[in-house]
Amino acid sequence: MGLVLRSFATVNEAGAALSEPGARYLGGGTLAVRAVNEGDVSVHSLVRITDPQLSRIELSEGRARIGASVTMARVAANPGIAFLAPAAMAVGGPAVRNMATVGGNLFAPAPYGDFAVALLALDAKVDARKDMPMERFLETRGALAKGSIVTAVSFALPSEGGFRFRKVSRVKPKGTSVLSIAAVIEEDPDGTIRSARIALGCMADRPIRAHAAERALVGSRRTEQGIAAALAVAGEGTHPVTDPVASAWYRAEVLPVHLRRLLLY
Numbered sequence: 001m002g003l004v005l006r007s008f009a010t011v012n013e014a015g016a017a018l019s020e021p022g023a024r025y026l027g028g029g030t031l032a033v034r035a036v037n038e039g040d041v042s043v044h045s046l047v048r049i050t051d052p053q054l055s056r057i058e059l060s061e062g063r064a065r066i067g068a069s070v071t072m073a074r075v076a077a078n079p080g081i082a083f084l085a086p087a088a089m090a091v092g093g094p095a096v097r098n099m100a101t102v103g104g105n106l107f108a109p110a111p112y113g114d115f116a117v118a119l120l121a122l123d124a125k126v127d128a129r130k131d132m133p134m135e136r137f138l139e140t141r142g143a144l145a146k147g148s149i150v151t152a153v154s155f156a157l158p159s160e161g162g163f164r165f166r167k168v169s170r171v172k173p174k175g176t177s178v179l180s181i182a183a184v185i186e187e188d189p190d191g192t193i194r195s196a197r198i199a200l201g202c203m204a205d206r207p208i209r210a211h212a213a214e215r216a217l218v219g220s221r222r223t224e225q226g227i228a229a230a231l232a233v234a235g236e237g238t239h240p241v242t243d244p245v246a247s248a249w250y251r252a253e254v255l256p257v258h259l260r261r262l263l264l265y
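Taking the UniProt record's numbering, the leading residue of the sequence shown gets 1, the next gets one more, and so forth.
By construction, these hints were calculated from the structure, which means they are not laboratory data. Among the hints, erroneous ones may be present.
Unchecked claim - The calculated label-pair distances, taken between Cβ atoms and stated as ranges, are: (1) THR10 - ALA229: 48 to 58 angstroms; (2) MET99 - GLY219: 37 to 47 angstroms; (3) ASN12 - ARG56: 11 to 21 angstroms; (4) ALA16 - ASP40: 20 to 30 angstroms; (5) LEU157 - LEU3: 32 to 42 angstroms; (6) ASP188 - ASN37: 44 to 54 angstroms; (7) MET99 - LYS172: 14 to 24 angstroms; (8) ALA204 - LYS172: 16 to 26 angstroms; (9) ASN37 - THR223: 48 to 58 angstroms.
Glycine included, every Cβ here is placed at the ideal spot set by N, Cα and C.
Can you make the complete structure from the sequences, with help from the hints?
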């Protein structure tokens, strides 16, 4: 059976087509087309949406809403969300960033999905028929209702300097991740950490929160002594992946090193 590309003007039409056997959603194609090229015979048709609403970036009242079809290149170039440029630029090289979409990155398996790590730290909401917290979405992304389509992500804009991102790779500048870390740190005027969200990539089969480290940071300051307790528990609840890039042991060993660098510099 040949492969068919089907385009639809609305989410509802595309959702109905995705309910058919062998249908797969096509965003930028960096995951779906790769699967087909590698011989995935279960895919019979690729479904795409032409609705321009999915390609919009909207900023209003301290929040951002990014359509699922927005590419990494457009995220990196938008001055209203400039803090996300390092996370978007961490996704492949220029050719990949011109195609890879925000929505597609939510489904990328480890060691990919660096942008999803950033969105998890931002406590983003995922719009897939209804708003779903990012952490819950990642836990259940393989069990979305048949025909459900992610249309956008939204999040509160962090305070200036409050968002931090770090990708660790063996090949610069566009190598596959050894691990990635994103954090949103809110501090009082005296430097005391009021709240902390830390997200980790490659430390499980999906991006996860470092809840123990977050709790240890609250009430402390971003000094060597202040972050020591957080570094000591950074690996709690993680299950690092082993792949050709790095072993689970190595990822666990270097996590505190790179979390320290993220928090202090």
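Q. Which numbered conditions among the earlier hints are violated in the structure presented, ordered from lowest to highest?
A. none
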